[in-house]
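> Place chain B on chain A using the hints.
The chain contents come next:
There are 2 protein chains.
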Amino acid sequence: MRREITGFSNPTVKYLRSLREKKHRKQARQFLAEGLRLLTDARESGRVPETLVLSTARDAHPLLTALEEAVLAARGEVIETTPDILAKITGKDNPQAIAGVFAEFDTSLETIERDAAPIWLVAQALRDPGNLGTMLRTGDAIGAGGLILVDDCADPFSVEAVRASMGAIFTQRLVQARWDEFVSWLRGGSGQLVAASLRNAVPYRGAPYAAPCFVLVGNESQGLPEAYEAACDLRVTMPMKGRADSLNAAVAAAVLGYEVLASL
Amino acid sequence: MRREITGFSNPTVKYLRSLREKKHRKQARQFLAEGLRLLTDARESGRVPETLVLSTARDAHPLLTALEEAVLAARGEVIETTPDILAKITGKDNPQAIAGVFAEFDTSLETIERDAAPIWLVAQALRDPGNLGTMLRTGDAIGAGGLILVDDCADPFSVEAVRASMGAIFTQRLVQARWDEFVSWLRGGSGQLVAASLRNAVPYRGAPYAAPCFVLVGNESQGLPEAYEAACDLRVTMPMKGRADSLNAAVAAAVLGYEVLASL
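These protein sequence lines are chains A and B, in that order.
Position 237 (the first sequence) corresponds to 227 in my numbering; numbering is contiguous.
Position 110 (the second sequence) corresponds to 100 in my numbering; numbering is contiguous.
For the record, the hints were derived by calculation from the structure and aren't laboratory data.
Same chains, same label: a pair holds when it works inside one copy or across any pair of copies.
Simulated pairs of lysine to aspartate or glutamate, EDC-like, Cα-Cα distance not exceeding 20 angstroms:
1) Lys231 - Glu34
2) Lys16 - Asp118
3) Lys82 - Glu210
4) Lys231 - Glu103
Just chain A, same shape as in the assembly:
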């Protein structure tokens, strides 16, 4: 279905705008993503938006046409609107010419196959949506299977996380689980759990990594709880030459993830 929206007070505008807030995303089980590149990554990964919102000021592009066709074929809705209204929906002064509304994915542990990839990233109580999106992006780069979010993390479907993922929200698998659920699932099969840690750790370079390797980083300000580290198969540490005793969580995951990639 196609339609045009020209008024700011249209209830669909109000609804789309509400998806910027977690409470409304949870109710609707939908989230927003913007930009032709990101939506094309989604389409090519088999994720077609339920609603596609296009700016009347857009330029024609074959990838845009492909998206519109995919949405209509899936009986989704294509909405045309003004750049001003699109800016109101996305909350950006200079919005991209296109946004999509997607159904939230199933993020249960049962949806992943551990042997599908040699590396998985795991984050515990990660609070910053930018860090979360960056971890997804890094996961894509190192050929990880996905990101497992343990305990109370930032919402992976927030606009900030989706943006920072640069499309990896659609290409990486995403899991949300409690720590005990995750450990119980992990110990039900093969898998090495590796913590970036300062306690009782070996140097991260040349450590005996083994696939499937689950790379675990902790909360931005607290790090990992001691009991979680103790449950790991391997604790590794990166050199810290200066005054600080930790790295940014997404940076730690990336430095460690690339080391695992090189050694497997």
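Chain B in isolation, oriented as in the chain A frame:
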């Protein structure tokens, strides 16, 4: 000097609050930093705030006493105020119990000694203050000398950058320069310029890094201009196993920086 501020409309409150905006920071050549740990890093690195703002709700702490004494010894000002007013100044709902106003540093190339460290990080047109602060933090961790900001970057003295640096704004040297100034300075002595690049690049692992090694990353969305890459001594690339063709800028700097650290 010591004084107490109890009113929101006090002109000092207005002034301190204005330092959250770049325009006012530039006029005043001062910036804000918060938190006992960060301000202690500053003090131990020889940077004492010109003004120290303390919450009346603070707990006593020997490091706090040391800070107060250092500020008063340097003829600075110690201001006590309510948690509400401190929240207004820092723009955080739950502010730390302490904030400091620092004089901006001299960020000219002449202030650094290239042989003081084996690694220097260089960012070109880096727009995100969080990425900038994270690069400073990573620089501290890998024993870099500092961060050289080339072309039009985010303001390193913004509250976001200072926060993300976790204190490294005080321990790393900071330089701001135009590209031609930087290259001309670099070529006036020893120094290897290494770009994280996709063009004409060798694998980043095992590349022939040499100290002092200047690790260069480009703008978040554009990457490095081709001419800048061509001016580098070495172009290296990280594996990209997925759909994306780039990493977050701060992540790229960290993965490459740790590799350089391991190989020097």
